[in-house]
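J.: Residue numbers (the working numbering), protein chains in the order written: chain A, 1 to 475; chain B, 1 to 381.
Simulated from the structure, these hints should not be mistaken for lab results. Positions of the beta carbon are idealized from the N, C-alpha and C atoms, including for glycine. A portion of the hints provided could be inaccurate.
[As the list claims (entries may be wrong)] Subject to a maximum C-alpha distance of 27 Å in a straight line, what follows is the list of computed DSS-like cross-link-like pairs (lysine-lysine):
id	chain 1	residue 1	chain 2	residue 2
1	B	Lys365	A	Lys44
2	B	Lys179	A	Lys44
3	B	Lys353	A	Lys198
4	A	Lys198	A	Lys123
5	A	Lys123	B	Lys365
6	B	Lys355	B	Lys365
7	A	Lys185	A	Lys165
8	A	Lys165	B	Lys312
[Claimed, not checked] Computed, partial: chain A to chain B, Cβ under 10 Å:
id	residue
9	Phe47
10	Ile48
11	Ser61
12	Gln105
13	Ile108
14	Asp109
15	Pro117
16	Pro358
17	Leu361
18	Leu378
19	Ile379
20	Thr408
21	Ser409
22	Leu412
23	Glu415
24	His419
[To be verified] Derived coverage of chain A by chain B (criterion: at least 3 residues anywhere in the stretch with Cβ under 8 Å from a Cβ of chain B; other residues may be distant):
id	region
25	71-79
26	118-128
27	134-143
28	210-222
29	389-398
30	424-434
Chain residues, written in single-letter form:
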Amino acid sequence: MGYFFYYFTKFADHFILVYSCLIFATYVILSTYSGLDIINYIRKNSFIDYRTILTAPTAPSISILAPAYNEQATIVDNIRSLLNIHYVNFEVIIINDGSKDNTLQLMIDAYDLEPVPYAFDQKIDCKPIKTVYKSRIPSLTKLTVVDKVNGGKADALNSGINVSKYDYFAAIDVDCVLEYEALLKMVKPFMEQTEKEKVIAVGGVVRIANSCKVQDGKIIEVNLPSDFLPRAQVLEYIRAFLMGRMAWSKLNGLILISGAFGMFDKNIAIQSGGYNHKTVGEDMELVIRMRRLMEERHQKYKVVYLPDPLCWTEAPASFKILSRQRNRWTRGTAETLWFHKNLIFNPRYRFLGMISMPYWLIFEWFAPIVEMLAFVYLIIMAFLGILNLELFITLFFVIYTFAIMYSTSAILFEELSYHQYKKKRDIIRLLMTALVEPVLIHPLTVYYAIRGNLDLMTGVRNWGDMQRKGFAKKK
Amino acid sequence: MIFLQIDLYEIPTSADEWGKLFYSFPIHIRILMGVILIFCMVITILFAVIIGSRIFKTNRNSTAKLIQRKYQPVFTQLLFEDDSRLLSDSFFTLFDKKDLQDKHRRSVLLEELIHLHENFTGETATRLELIYRKLEFHKDSQSKLKSRRWYLVAKGLRELALMNIREATEPMLVYINSKNELLRMEARIALVKLNEKDPLFFLSKETESLTAWDMANLHAMLAKLPEENIPFFSTWLNSSNKSVVLFCISMIGAFKQNDTIPVLLRMLDLHDESVRQAAIKALREMNALEAEEKLVAMYPLETPTVQNEILKSLEAMSSEKSISLFDHILRQPVPDLQHSLHSIKALLLLGDKGKAVLQKISETKNERMQLIISHATDARL
Numbered sequence: 001m002g003y004f005f006y007y008f009t010k011f012a013d014h015f016i017l018v019y020s021c022l023i024f025a026t027y028v029i030l031s032t033y034s035g036l037d038i039i040n041y042i043r044k045n046s047f048i049d050y051r052t053i054l055t056a057p058t059a060p061s062i063s064i065l066a067p068a069y070n071e072q073a074t075i076v077d078n079i080r081s082l083l084n085i086h087y088v089n090f091e092v093i094i095i096n097d098g099s100k101d102n103t104l105q106l107m108i109d110a111y112d113l114e115p116v117p118y119a120f121d122q123k124i125d126c127k128p129i130k131t132v133y134k135s136r137i138p139s140l141t142k143l144t145v146v147d148k149v150n151g152g153k154a155d156a157l158n159s160g161i162n163v164s165k166y167d168y169f170a171a172i173d174v175d176c177v178l179e180y181e182a183l184l185k186m187v188k189p190f191m192e193q194t195e196k197e198k199v200i201a202v203g204g205v206v207r208i209a210n211s212c213k214v215q216d217g218k219i220i221e222v223n224l225p226s227d228f229l230p231r232a233q234v235l236e237y238i239r240a241f242l243m244g245r246m247a248w249s250k251l252n253g254l255i256l257i258s259g260a261f262g263m264f265d266k267n268i269a270i271q272s273g274g275y276n277h278k279t280v281g282e283d284m285e286l287v288i289r290m291r292r293l294m295e296e297r298h299q300k301y302k303v304v305y306l307p308d309p310l311c312w313t314e315a316p317a318s319f320k321i322l323s324r325q326r327n328r329w330t331r332g333t334a335e336t337l338w339f340h341k342n343l344i345f346n347p348r349y350r351f352l353g354m355i356s357m358p359y360w361l362i363f364e365w366f367a368p369i370v371e372m373l374a375f376v377y378l379i380i381m382a383f384l385g386i387l388n389l390e391l392f393i394t395l396f397f398v399i400y401t402f403a404i405m406y407s408t409s410a411i412l413f414e415e416l417s418y419h420q421y422k423k424k425r426d427i428i429r430l431l432m433t434a435l436v437e438p439v440l441i442h443p444l445t446v447y448y449a450i451r452g453n454l455d456l457m458t459g460v461r462n463w464g465d466m467q468r469k470g471f472a473k474k475k
Numbered sequence: 001m002i003f004l005q006i007d008l009y010e011i012p013t014s015a016d017e018w019g020k021l022f023y024s025f026p027i028h029i030r031i032l033m034g035v036i037l038i039f040c041m042v043i044t045i046l047f048a049v050i051i052g053s054r055i056f057k058t059n060r061n062s063t064a065k066l067i068q069r070k071y072q073p074v075f076t077q078l079l080f081e082d083d084s085r086l087l088s089d090s091f092f093t094l095f096d097k098k099d100l101q102d103k104h105r106r107s108v109l110l111e112e113l114i115h116l117h118e119n120f121t122g123e124t125a126t127r128l129e130l131i132y133r134k135l136e137f138h139k140d141s142q143s144k145l146k147s148r149r150w151y152l153v154a155k156g157l158r159e160l161a162l163m164n165i166r167e168a169t170e171p172m173l174v175y176i177n178s179k180n181e182l183l184r185m186e187a188r189i190a191l192v193k194l195n196e197k198d199p200l201f202f203l204s205k206e207t208e209s210l211t212a213w214d215m216a217n218l219h220a221m222l223a224k225l226p227e228e229n230i231p232f233f234s235t236w237l238n239s240s241n242k243s244v245v246l247f248c249i250s251m252i253g254a255f256k257q258n259d260t261i262p263v264l265l266r267m268l269d270l271h272d273e274s275v276r277q278a279a280i281k282a283l284r285e286m287n288a289l290e291a292e293e294k295l296v297a298m299y300p301l302e303t304p305t306v307q308n309e310i311l312k313s314l315e316a317m318s319s320e321k322s323i324s325l326f327d328h329i330l331r332q333p334v335p336d337l338q339h340s341l342h343s344i345k346a347l348l349l350l351g352d353k354g355k356a357v358l359q360k361i362s363e364t365k366n367e368r369m370q371l372i373i374s375h376a377t378d379a380r381l
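If we strip away everything but chain B, and leave its shape as in the complex, we get (with noise of 0.2 Å):
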């Protein structure tokens, strides 16, 4: 690979001196020469694409705003005036063959429908599903539900339920299973909102784990539904899918179904210390007083993260049933900081009884629970 001269070489001046002066380079020369080539050929086209995209995005959002425009008296006609047009033959007369057969402009149509959805509720809404059905967008929907590309099938899932087309159900349950979470999340979704009577049905059916992820999700379509429509989530406590366990402990006690308290009270004595703690926390969210006794009990023999829910519920609850079991942790040689704040709130909020007992703790001269004492009763921490 190494040379001992130097050569200098006149500018060929055509095509033939060009090729001369090309091969009279070692191999690995022209092979190199090759590969600036190969670059440059990519950089040209580079710069082509993010020109070319620019602009295709511009004449994209051209002709969006302009099937927008078109559309808008169309809409306005057909949402709030007399629905005589709506249901007359007439309704076809006032869209555009090519905007419906064209690909991109009855996407662009599409896509306007939905976003006319989010926005409507009532009246407005079942009309724009009647437009959605008449122009057989269900159609389009439903055969992205075919897709292999996942986004689409996630599309066709999102639609579906919003413009509800309740006889999709049934195809849209092989998806709470799949392998793509997105495609199990929407496929939730679209069943709580097309089965409002019973939102939760494919619970049982349900083999993933649910995510907390999933469980906000979950928790947010639910509370959109009317009181009467809420699921009695006990139904689910004996899944064998523990997320599934986990998300109706935390369901009952975010709508407050009291009726299973006694439920969430033999709960407290299962192996899972997951379900011990969401089963504490239910039972806080819904102050469950029966509870006390058997959260005291517990306390001394559960882990450290149970233990701390404990100190939280009996905080929320405070009687005085608890003031033994809160003197106990004050006292502790080495008090661990979470435990004895919440003992601490807890002592504070049993009036009298409760402050004396933080009086002869805080007469033991221990600095650091001195220090803990005067944290916990300062009003800005």
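One chain only, chain A, in its complex shape (with noise of 0.2 Å):
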């Protein structure tokens, strides 16, 4: 029995420093990758001029599909805002998900709504259509409602799929607020796609909007959210999009493309079978699908990523949302990693395969439970009275330094390529924020990681209620 303990223990300490060593080391290998690809985007990016795209005859026509569930508050906002996206040829599809609020009353009054005689091909299942309106107005003719039964954000999309008329949509949360040339940069990968490599899906960051000035729909005025949790999610988010799916999609490897805001193209999405809404990591599935379908087809492909910030998004203010939240990730990360459980390690999907999904399995589904079953071991390390209390403080502060050292990074990222925040007092509450969030945030959002996973085991399906306060009219 002694034998055993000592050598469980040898074990358990290697494995939780190599186990770190890894982390550190894939973070520090896709932060450079994404640092160096984010410096020649936006020397490319100098280069353009999006309004091309505004007066081609190759620019393609977009499907903009939005679901909507009890969005009563602002939906009538949210819709004229989508309105007004700077695009030439595009359709507005609003998919009221059986909302239990005035949602669709709200649209059919604000937008002088009725009932239409609409044919479509129902290529994807999904719940039933009750009724497609029309607006009376003529200027509002891209504007399309679809009232159907409840079915989920994943049917909902779906069903906006079948009803959509043009060769791409972009999937977005109707609460979300676009830049003002989202869409131009959002087809540009598409027309830039050869027959020999085709382009797939463009996804794009998503920011916090969060203390933001919002008007008529547009983020007039850039903040640094003024509440500490929505501050420490600006860092998440930055460390996420810019340092790390950046690297992703320049190795063709990106799996998740943000359920917020991303750019398909529709005769994949179809051919893959649309949204799955047995998960409600519905977005990630469906990329990992759409992948799978072209790397059995054999066909070159890829699924890209802009560091531009295209899409901004009230981030949760209380932990009970901000765990609903993590809770659902979490659950749709499994769920997505179960059904696709046969590509992991196998060759036949090469870097899909071989590399993206086994890092999903391994550093970010995994971490969580990694970093909980540590936190058990020093405990009981501790109580036995064998904690090696030197080891465990310089393991401490060489994780803690890691963390500000790479948020440090992230905010530098931010500096040197968007610089979305301008004011001085911003950047110091960002970096002071680096310093607390590793200690205060982060264990937190472990916690609703493993939550995630003891609800998924259970048997809980749903996507929790995510009251969002909406973006208020601010002069």
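Using the hints, put the two standalone chains together into the complex.
T.: In structure tokens, the structure reads:
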């Protein structure tokens, strides 16, 4: 028994150390790759006039799909914002997913909607569509409202795909605020594709709009969130989007495009089967399935990620809402990895199977579990009186200083790239947030992730109520 | 790695004591402490770089504003007043030697010239080009073409094109087939700009594919040219580069070069689906009614994508010759939705004869067809 205990603790110590070193190494590699790619992208962007797309005969037409569920607080303004997107040929399809409040009636009243006979092909199975509405106002021909039986976000998007006219669709959260040239920037990678290499999906950076000034559906002044919790999430988002996903896109290993805003080749999405309504991680699951389809067809393809801030969304400002969000993200990740488990370490799927999927399994899904187990291990060692305090303290400070270093690098990336936070005090506050976030917020996110895994094992499938304050009209 | 006792230490008071304390730790602890120290140093450097970059940018912006304010009256004088100063030797006295010799200030001046040139045309633009040459900025731009950094090459291409340095055409040609797609695009745009009489002369030298984005940029450049300088795109329809062929077909339609219709009609017999599709679209844009019979004959043998393009064209051309085709499409047991919509819209444009066909079809009591007809006839959709 003594030998077993001795070797077990030896193994545990080594495992924690090696796992930590591997995570550090991957973060450093990914952020280096991302940094170089962002510099390249910004340099390229300085030569691009996106307005060229507005008069281009080769510019594709886009269907914007925005599912809505109980959005009565902001739906009218949100639709107005979408209709004013800077693009030429597009349609806006709002899918009312069986809202229990006045979402539908508010839209009908505000936009003078009436039922129309609408023929479409049901290319993807979804819950029944009750009515399709169009406006009597001639200038609102771009707007289509679909009223359907409640089926969840994935189901709503699938019905939007069925109803849409065009070859590309952009899936957007209805309460997101898009940047002025967002659609132009998202469309460009599709226009750059060749016969040899097809672009199947494009994603962009989602930024946090808390404390920003919003007017007429546009961000008119960018501010750092005044509350600590959303401010900590700003750091998280910069780390994840600017320092992580850019690298994955460069390596053509990206398997996640944010559900808040992403653009897809409709044909490929349909051939993949559309959004999966059996998971709350439908955004990630669709991208993996589309990639899988292309791999199985041996067709060269790309999933592109743009570092431009294209979309602004409200981050959870309370721990309760944050916990629901992180819980859902964990369940979505776990479900998606489970659905596609036969891709993991499968050489048939090349980079997707050998690198991307294993990385997400080991360093994204498994990381909170390792952290929790390491914490429990430390408690047990302390309880037994055999905790190596020197090792514990030094390891803690290694991890803590690495976290600060990584966050500070993220702030530097943001500063040198898009420089969204122009006020000096915002940068100072962000730097201060980087000092406390690893000890205050990160343990909570680990806890929420563990809860997510437990909830998944006990059969929880819903989204949870993501209450949002909405972007109040601020002057 | 496991120890059985927890030691507490007294705080050292001298450097020696700190050293002794440090070396009293096991080697792996000392390594970890070293790592912490490195991380702290990196954090400090990052902090300094963040603050420093702000200060640097602020200073740079201040210098740029200073230069702009300083030379605004100079440019106003040179551009809008009598040109004697511009042509005389006293021109150089208007510019501070320090500003012309300092790299950053010189580049700010150049940026200012470029910015002004983007906003002016005619004689003012010509004067700007003269200022650009007299200050030897064309040498700066030409030296950028030799840089190993692609973004400097791209900048040089843009500057030389904007400032009409025609002698730079030859060195630019090498970039139309660069591996860097942005350099290819900039080179093409520059060559179009600098060779207005024969803007697409380089197309026959293209070995790389033109993407839809490349085509959009070329189209935008061509749209700015006087009508008499728009080339005959049929010149390149036999190119071995398929993307060049597709581009030219698209431009024939966009610029309505109706003389090329017979050539496009022959292209409908080609094997390549994308070429046929592009030709059909161009014929539609030119409202080439002579294509109608051929399109009707082609329809049954075509792929769904090309069939859809044919129907869009027939809808635009809309004559009674196509009625039987529309009727056939709408009577299919499982009619294709898009094909049906185009057919119905085309029939509606054919007046009473078309409406009579629709009336007969709507009497067939096919629910789906009823819905499709309602959809197609609804003005809101």
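J.: Does each hint fit the structure? Answer for all of them.
T.: Against the structure, the hints:
Between B/Lys365 and A/Lys44 the alpha-carbon distance is near 58 Å, which puts this suggested pair outside the 27 Å criterion. Using a Cα cut-off of 27 Å, the hinted pair B/Lys179 and A/Lys44 holds, with the two alpha carbons roughly 14 Å apart. Between B/Lys353 and A/Lys198 the CA atoms are separated by roughly 44 Å; this puts the pair beyond 27 Å, and the hint is violated. About 22 Å separates the Cα atoms of A/Lys198 and A/Lys123, which keeps this hinted pair within 27 Å; it holds.
Under the criterion of a C-alpha separation no larger than 27 Å, the hint pairing A/Lys123 with B/Lys365 is consistent with the structure, at around 24 Å. Straight-line distance between C-alpha atoms of B/Lys355 and B/Lys365 comes to about 17 Å, which keeps the hinted pair within the 27 Å bound. Between the alpha carbons of A/Lys185 and A/Lys165 the distance comes to roughly 21 Å, so the proposed pair stays at or under 27 Å and holds. For the suggested pair A/Lys165 and B/Lys312, the alpha carbons sit about 14 Å apart, so the restraint of at most 27 Å is met.
Interface restraint check: A/Phe47 against chain B, minimum CB-CB distance 6 Å, threshold 10 Å, status holds. Look at A/Ile48: its Cβ gets to within about 8 Å of chain B, closer than 10 Å, so that hint holds up. Here the hint on A/Ser61 is broken, as its CB sits about 13 Å from the closest CB of chain B, past 10 Å. Look at A/Gln105: its Cβ only gets to about 19 Å from chain B, farther than 10 Å, so that hint breaks.
Evaluation of the A/Ile108 hint against chain B yields a violated restraint, the C-beta minimum of about 14 Å exceeding 10 Å. With 10 Å as the threshold, the beta carbon of A/Asp109 stays out of range of chain B, its nearest partner Cβ sitting at about 17 Å, so the hint is violated. Interface restraint check: A/Pro117 against chain B, minimum CB-CB distance 4 Å, threshold 10 Å, status holds. At about 26 Å, the closest approach between the beta carbon of A/Pro358 and any beta carbon in chain B exceeds 10 Å, and the interface hint on this residue is violated.
About 27 Å separates the beta-carbon of A/Leu361 from the nearest beta-carbon of chain B, more than 10 Å, and the hint is not met. For A/Leu378, the interface hint is violated, the least distance from its beta-carbon to any beta-carbon of chain B being 13 Å, above 10 Å. With its C-beta approaching chain B no nearer than about 15 Å, A/Ile379 sits outside the 10 Å limit, and its interface hint is violated. Given the 10 Å rule on beta carbons, the hint for A/Thr408 holds: about 4 Å separates it from the nearest Cβ of chain B.
With its C-beta approaching chain B no nearer than about 6 Å, A/Ser409 sits inside the 10 Å limit, and its interface hint holds. Below 10 Å, beta-carbon pairs count as interface contacts, and A/Leu412 has one with chain B at about 5 Å; its hint therefore holds. With 10 Å as the threshold, the beta carbon of A/Glu415 comes within range of chain B, its nearest partner Cβ sitting at about 5 Å, so the hint holds. With a least beta-carbon distance of about 8 Å to chain B, the hint placing A/His419 at the interface is held under the 10 Å criterion.
Note: the region 71-79 of chain A has 0 residues with beta-carbon separation from chain B under 8 Å; the three-residue rule is not met and the coverage is violated. Coverage of the region 118-128 of chain A by chain B holds [criterion: at least 3 residues with CB-CB distance below 8 Å; count 4]. Coverage of the region 134-143 of chain A by chain B holds in this model, with 4 residues showing a Cβ closer than 8 Å to a Cβ of that chain against a need of three. Judged by the Cβ-Cβ criterion of 8 Å, the region 210-222 of chain A is not covered by chain B as claimed, because only 0 of its residues qualify and three are needed.
Only when three residues or more bring their CB closer than 8 Å to a CB of chain B does the claim for the region 389-398 of chain A stand; here the count is 7, and the claim holds. Evaluation of the coverage hint for the region 424-434 of chain A: fulfilled, as 3 residues show C-beta separations to chain B shorter than 8 Å, against a requirement of three.
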